[in-house]
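K.L.:
Listed below are the residues making up each chain.
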Amino acid sequence: MFHSLGKYLLLLRLSFRKPEKFSVYWAEVMREMVSEGIGSLGIIVIISVFIGAVATIQTAFQLVSGFIPKTVVGGITRDSTILEFSPTISSLVLAGRVGSSIASQIGTMRVTEQIDALEIMGVNAPGYLISPKIISGLTMIPLLVIVSVALGLTGGYLACAASNDVSTADYLAGLTDSFNPVIVTVCAVKSIAFGFIITSICAYQGYYTSGGALEVGQAATRGVVYSCIMILFADLIISRMLL
Amino acid sequence: MIEIKNIHKNFGENHVLQGISAEFKPGMNNLVIGGSGSGKTTLLKCIVGLHEPDEGEVLYNGENFTTMHFRERVPIRKQIGMLFQNSALFDSMTVEQNIMFPLNLFTDMPKDEKLDRANFCLKKVNLEGKNKLLPSELSGGMKKRVGIARAISMQPKYLFVDEPNSGLDPLTAILIDNLINEITEEYNTTTVIVTHDMNSVMGIGDHVLFLDNGKKWWEGSKNEIAHTNNKELNEFVFASKFMRAARAKL
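Heads up: the protein sequence lines correspond to chains Z and W, in order. Quick note: the first sequence uses the working numbering, first residue 1, plus one each step. Quick note: the second sequence uses the working numbering, first residue 244, plus one each step.
Since the hints were made in silico from the structure, they are not lab data. Given the structure is predicted, the values throughout are model-derived calculations rather than measurements. Glycine residues also receive a C-beta, built at the ideal position from the N, C-alpha and C atoms. No false leads were mixed into what you were given.
As a list, the in silico PhoX-like pairs of lysine-lysine whose alpha-carbon atoms are at most 20 Å apart:
id : chain 1 : residue 1 : chain 2 : residue 2
1  : W       : K458      : W       : K288
2  : W       : K248      : W       : K268
3  : W       : K354      : Z       : K21
4  : W       : K268      : W       : K288
5  : W       : K321      : Z       : K21
6  : W       : K367      : W       : K357
7  : W       : K458      : W       : K474
8  : Z       : K21       : W       : K357
9  : W       : K474      : W       : K484
10 : Z       : K18       : W       : K321
11 : W       : K357      : W       : K375
12 : W       : K288      : W       : K321
Covered, in the sense of this in silico footprint (three residues per stretch, anywhere, with C-beta under 8 Å from a C-beta of chain W), are these stretches of chain Z:
id : stretch
13 : 17-26
14 : 111-118
15 : 121-129
When you get a sec, could you build the whole thing from the sequences and use the hints?
P.N.:
Next comes the structure, spelled out in structure tokens:
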């Protein structure tokens, strides 16, 4: 385990060496942003709307007491969406979508000698391949989480509009009621940390692939599984520290 | 010129290279031959720095490459072109982008000049007009030729070629051999070719190194092969009836 941790840290150090040519790396960052960000937008839209709607319906179902104002449903949906559902569930889904793509892309480049070709040319292969993916993950995953929060809360509104459990006016009032800005900070910290975890762990798994197509698949699977475990672990640590 | 001195390489208990020494001169096709698992590709990877030898030295024009740090190696690496066994073209890039990749990273040429260079390299390998194709749209022989075009785009002093003819039909294999030979002569490159194709050996083998079980067993030119008494080399080169018959006629 310590051997792997050491290799992982050394790879990260290599990844952030001074680039050979900034413009080439910048173009790569932009390409990765499109791939990771725009490419994942569809799945994020779908899961966010549904999670927001389901969270609202289930909260309303549990708060049947006449002593509790209906606006509480909006508040609980807001807090659970911003604190947990959007950053964590979205990141777990993105670990599958983005992480497996990163691990299999780099793994395929490894087994087909494309990484060797980069090294022969004198290119810092970890820097060229991994740093744009990490930078892109650190920027696009938080942006996707922001989109997810907005759509999750919209999903809750649509659920209210479609049922008679809670009125949309109560829901909207609940969203703005007793809002604590610290939850936004927690959401931002989580999404940045998860972005780093997904991209760096999956890139590490891909970079040290050896063998053929079978091993590339195994590396992608390992990348996703380890990312998911580390996301849940980081979720616990960040929640404990910031709340 | 490239000199290798007493190269040893182990993978665990497996002693893959056992003290190989040789000199590879410019303007010559230096062929490293041997059976599967003889250590040819490992030797090539030690020379270009993809593997670090456990013992021994690799000298590029007298400069010790093995003891150099990553950054110190970059100027030498910029003078190296390499054609991989499976071409190793970047899948996500077109033919043109593959060839221009090292130019984009290591030169300040204007875009037009880079395009001109890419077109020149493509013309050299008879692939004019294939600029916008992706590697997945190319045949095996075309991929090799694009690999050569990429390798020569930086006008290298050293050209390394790993199994250039594997998986190719005889005609394409000869075409690739001729192309490598032409580049070696025209640019006076120090060319090191790893192969087990006897047609290549007899066609372009200016200097041949025979490896078996990680040891160097024989060194000479293509003309000397037919007359050698080296048992291991004879068993390898004249394994087929056809080659034995050809030798008898010499």
